[in-house]
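Here the protein sequences line up with chains A and B, keeping their order.
Residues in the first sequence are numbered from 1 upward in steps of one, following the working numbering.
Residues in the second sequence are numbered from 1001 upward in steps of one, following the working numbering.
Simulated from the structure, these hints should not be mistaken for laboratory data.
Mixed in with the good hints, there may be bad ones.
Derived coverage of chain A by chain B (criterion: at least 3 residues anywhere in the stretch with Cβ under 8 angstroms from a Cβ of chain B; other residues may be distant) [what the hints assert, rightly or not]:
1) 68-76
2) 145-153
3) 176-190
4) 215-223
Taking lysine to aspartate or glutamate pairs in the EDC-like style, the calculated list, with each CA pair at most 16 angstroms apart, reads [said to hold, decoys possible]:
5) B:K1221 with A:D170
6) B:K1221 with A:E56
7) B:K1221 with A:E98
Sample of chain A residues lacking proximity to chain B, with all beta carbon distances greater than 10 angstroms (derived) [said to hold, decoys possible]:
8) S121
9) T207
10) G239
11) D241
Even for Gly, the Cβ is constructed at its ideal location relative to N, Cα and C.
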Amino acid sequence: MTAIGTRLRAIPSWQITLGVALLALGFLIAAQLSTERPRIRYTTQERPPLVETVLELQRQQEGLKERILALREEIQQTSQASRGSAALVRQLNDDLAEARLAAGLVALVGPGLVLQLEDSSATPPPDGIEADLRVTARDIRTLVEELWLAGAEAIAVNGERLTATSAIVDIGGSVLVNQAYLAPPYQLLAIGPADLYERLSASQGYTDWIVARVQLAGIGAAFGEFEQVEMPAFAGTLGLDYARVEPSAGTP
Amino acid sequence: MHALRSQIALTVVAFVLGLLVVAQLQSQQTAPALAGVSSQDLTILVANLNTRNDQLRTEIATLDRELGDLRADRSRGETSLDQLRDDLLDVRAFAGQEPVAGPGVSVTVAGPIGAPAVAELINELRNAGAEAMAIEGVRIVPGSVVAGAPGGLSLESTPLSDPFEIRAIGSPEALTGSLTRIGGIVAQLGAAEELATVTVTPVERMVVPASERNLLPRYGKPSL
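With the rest of the complex left out, here is chain A (with noise of 0.2 angstroms):
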C-alpha cells in the first residue's frame, strides 16, 4: 500500500501537465484533420474550377463593358464629326445625345449620396436563419425604391447603373444586378436633390427597413452625401429582341 501511494505520489505534476496538453494537441490534430477532409474532397471535385471560371468570366465581363463603352462614346464621336452638314443631321444627333441621358448611357455627375451595405457580423441566434443576416437583394430593392420615391435620379449598385429593365436577385449568399455578380460591402450610388438624405430618413419605409435589418438583424449600414458623385453608365446591351417601336401610337 505505501509502496502504491509513494509510487502515486511520485508521478510529477509536469507528467500530468504534459498529459493534458498532449490530450489537447490530440485533439486539435483531429479537429484539425476531420475540418481539412471534406473539404479537400469538395474542393479538388468541384469548387475551384468553378470559382475559377466564375472569377474569368467576371474578368471577361469587365473588358467587354469597357468596350462597350469605348465603342459608344467612339460612335458618338464620330457621328457628331460630320454633324456640320445638314440642320437634320444636327438634330438627329442631339435627340440621340438626349436620348442617351434619359436611358442611362452617359455616366453623370452631380450631387449625390453613398449608402453602403455589409453582412451582419452577429452570430445567428440557434432557431435563426442565417440567411438574415446578409444583405440580401429584397434589401437592396427596398432601398433603391425609397431612394426613387425620395427623389433620387440615377442609382447604381456597385458600379452597376439601374435602368429600366435592371433586376437585382439573389444569388448564392451574394447578389446579382444586371446579371453581373456582386460581392459584399454594397455600394448604393444615388443623384438626387440636395435633401435626398433628409427626404429618405423622413419616410415610414426606409426608417422600417433600418429598425428590422440594421438595429434587429445587425447589418451594417453607413451613409455619405457628398457635393459631386460620379455616377456611371449602363455598360450592357439594350437588348430589343421582341420589342418594337410602335410608329402607329404616335412617334414624335
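With the hints as your guide, set chain B onto chain A.
For chain B alone, coordinates are given in the frame of chain A:
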C-alpha cells in the same frame, strides 16, 4: 534535471499547440468572396455570366458594325440618316420614351396585394428578360415605384384599380415559365398574399405605351 526537461517538453507542446490553433482558426474562416456560394449557385452564376457575356459580345459586334458604317459614310462625305434614326428609336425605346409593341405576357392581379409583392413581380419579369413593361398603361422606367397600402396602390399618381394589369414584352414562354414555375413568384405570392390572385397569360402581340415622365436628369450632368 526534471524541471528543465519538463520545461522543454512543455515549450515544444505549447509551440505545436499554438500552430495548430492558428491553423484550425484559419481553416474555419471564410475568406474569399465566393467562399459562401454553393456549387449549385456557382453553376447558376456561370450560366448567368455566360449569357450576359454573350449578350455583351453581340452588342459589341453591333456597335463595331455601326462604327464601321459611320466611318465609311464619313469618308464618302455623307451621313446615314437611316442609321441615326434607327439608333435614336432604339435608345428611346429602351429608355421608355417610345411606345413599343411585341409579344409578351399579361399579368392580371386581382384582390388586395402589397406594394412589395408587386415590386417582386416586376423584378422577376425583368430577371426573365422583359424588355418593356407597363402597369395599367403607365410605362415602367427607372424610378417607377408602386406605393401605397394593399387596396390603395398607385404608380406615379395613377391609382391601380382592382384587378390591374401588368404588361411585359419579351419571350412569352420565358416570361410565363419564370413566373409560374414550381416555387416561382406566383406560387410564393399565392402563399404570402392569400387574398390576391395572380394570372399570367401569354400574348402574341401587345402595345406598351411611352412614359409621360421627363426622364432627363435635373441634378446630374453628363460627365466628360
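Worksheet entry | Assertion that S121 of chain A lies farther than 10 angstroms from chain B (Cβ) | S121 of chain A clear of chain B: closest Cβ-Cβ about 12 angstroms, beyond 10 angstroms.
Worksheet entry | Verdict on D241 of chain A as a residue remote from chain B, using beta-carbon distances over 10 angstroms | violated (7 angstroms)
Worksheet entry | Pair hint outcome, K1221 of chain B versus D170 of chain A [Cα-Cα no greater than 16 angstroms] | Cα-Cα ~32 angstroms, so violated.
Discussion item. Check the hint pairing K1221 of chain B with E98 of chain A against an upper bound of 16 angstroms on the C-alpha distance.
Written reply: holds (12 angstroms)
Worksheet entry | 16 angstroms Cα cutoff - pair K1221 of chain B, E56 of chain A | Given pair K1221 of chain B, E56 of chain A is violated - Cα atoms ~34 angstroms apart, limit 16 angstroms.
Discussion item. Beyond 10 angstroms on every Cβ pair: is that true for T207 of chain A relative to chain B?
Written reply: About 15 angstroms separates T207 of chain A from the closest Cβ of chain B, which puts it past 10 angstroms; holds.
Worksheet item: Do three or more residues from the region 68-76 of chain A put their C-beta atoms closer than 8 angstroms to C-beta atoms of chain B?
Response: holds (count 5)
Fill in: Assertion that chain B covers the region 176-190 of chain A - criterion: three or more residues, beta-carbon distance below 8 angstroms
holds (count 7)
Discussion item. Three residues or more, CB to CB closer than 8 angstroms: is that satisfied between the region 145-153 of chain A and chain B?
Written reply: holds (count 5)
Worksheet item: Are three or more residues of the region 215-223 of chain A within 8 angstroms, CB to CB, of chain B?
Response: violated (count 0)
Item to complete: Take a quick look at G239 of chain A and tell me if its Cβ sits farther than 10 angstroms from every Cβ on chain B, holds or violated.
Response: violated (6 angstroms)
Hint check: violations occur at hints 4, 5, 6, 10 and 11; the rest are consistent with the structure.
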